[in-house]
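Participant: Sequence:
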Amino acid sequence: MRKKTGRALVSALSLTLVAASLAACSGNDSKDSGTAGASPSAGSPSGSASGTAASSPSAGDAAKSPKTGGKFDPPVTITTAMPVGDDVKFRDGETINDNVMMKWFRDNMGIDIKVLWTTKTVDDYQNKQKLMFASNQDIPDVMIVNDPSILANFIEAGQLKDISADFAQYASKRFQDSYATQPSIWNSVLRGDKKYGLPLPGDGMAKGALFFR
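Residue numbers for the sequence shown, in mature numbering (1 follows the signal peptide of the UniProt record, and there is no 0): -23 to -1, 1 to 190.
Just so you know, these hints were derived from the structure itself, not from any lab. One should not assume that every hint holds.
Simulated pairs of lysine-lysine, DSSO-like, Cα-Cα distance not exceeding 30 Å [unchecked claim]: (1) LYS66 - LYS80; (2) LYS48 - LYS66; (3) LYS48 - LYS150; (4) LYS107 - LYS171; (5) LYS80 - LYS91.
Simulated DEER-style distance windows between Cβ atoms [as the list claims (entries may be wrong)]: (6) GLY70 - GLY47: 26 to 32 Å; (7) ARG151 - ARG68: 27 to 33 Å; (8) GLY135 - PRO52: 26 to 32 Å; (9) ARG168 - LYS105: 23 to 29 Å; (10) GLY70 - GLN153: 38 to 44 Å; (11) GLY47 - ASP69: 28 to 34 Å.
The C-beta atom is built at its ideal place from N, Cα and C for all residues, glycine as well.
Working from the sequences, and respecting the hints, build out all of it.
Facilitator: Right, here's the structure in full:
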């Protein structure tokens, strides 16, 4: 799998968390929620926007794809996976990999997000992750991991990348400040001083939501 720049990785992790928030809104009262957009777990089993965006070691920082004006040129491709419930409806002619959200990422950020596989439910999604770990399959560049035990397995097996340096170098000040207000949020992904994922901050609401001002 082609390696990715650290900047592209942080961008993709951030986009994944945005999509997770959007997905949590789309699921209504169902646990089996999904999103017609970028990666994540389409909401946690509780229906809230929670989880950890994790990346594989192959999503590293070897390739050089300069970013100018907020857009990668040439574009970079980031792979992911997600549950997509039956409640998710696309516009006519759109698909999980070709829709208005994915098009926005490509056109405005130069990031081509490819969904490698989907499941109907969050439970199936987590079972698929367990199977991938047990059979030592390649994992997507970026994905949401809701189950702490699954996350721990991937970390201990060396299948996730330490994003500490990438986050410090490439995340915006505002984005970093949002995590600085809740330093304990990193606990689930910390091993020593290494961060093996980007946790999704909770909003304290029963249902996840993404607010724009």
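Participant: Is the straight-line distance between the alpha-carbon of LYS80 and that of LYS91 30 Å or less?
Facilitator: Status holds; Cα separation ~11 Å.
Participant: Between LYS48 and LYS66, does the CA-CA distance stay at or below 30 Å?
Facilitator: 29 Å, holds
Participant: The hint says 23 to 29 Å between ARG168 and LYS105; measuring C-beta to C-beta, is that right?
Facilitator: At 24 Å between Cβs, range holds.
Participant: Within 30 Å, alpha carbon to alpha carbon, are LYS66 and LYS80?
Facilitator: 17 Å, holds
Participant: How does the Cβ-Cβ distance of GLY70 and GLY47 compare with 26 to 32 Å: does it lie in that range?
Facilitator: Roughly 28 Å apart at Cβ, these two residues keep to the hinted range, so it holds.
Participant: Keeping to a limit of 30 Å between CA atoms, is the pair of LYS107 and LYS171 held or broken?
Facilitator: 23 Å, holds
Participant: If I claimed the Cβ atoms of ARG151 and ARG68 lie 27 to 33 Å apart, would that claim hold in this structure?
Facilitator: 32 Å, holds
Participant: Given a hinted range of 38 to 44 Å, is it respected by the beta-carbon distance of GLY70 and GLN153?
Facilitator: Holds, since GLY70 and GLN153 (Cβ atoms, about 39 Å apart) stay within the stated range.
Participant: If you draw a straight line from the CA of LYS48 to the CA of LYS150, is it 30 Å or shorter?
Facilitator: Holds: LYS48 and LYS150 sit about 18 Å apart, inside 30 Å.
Participant: When you take the CB atoms of GLY135 and PRO52, is the distance between them in 26 to 32 Å?
Facilitator: 29 Å, holds
Participant: Assuming the hint says 28 to 34 Å, is it satisfied by the Cβ distance from GLY47 to ASP69 or not?
Facilitator: 31 Å, holds
Hint violations for this structure: none, all hints satisfied.
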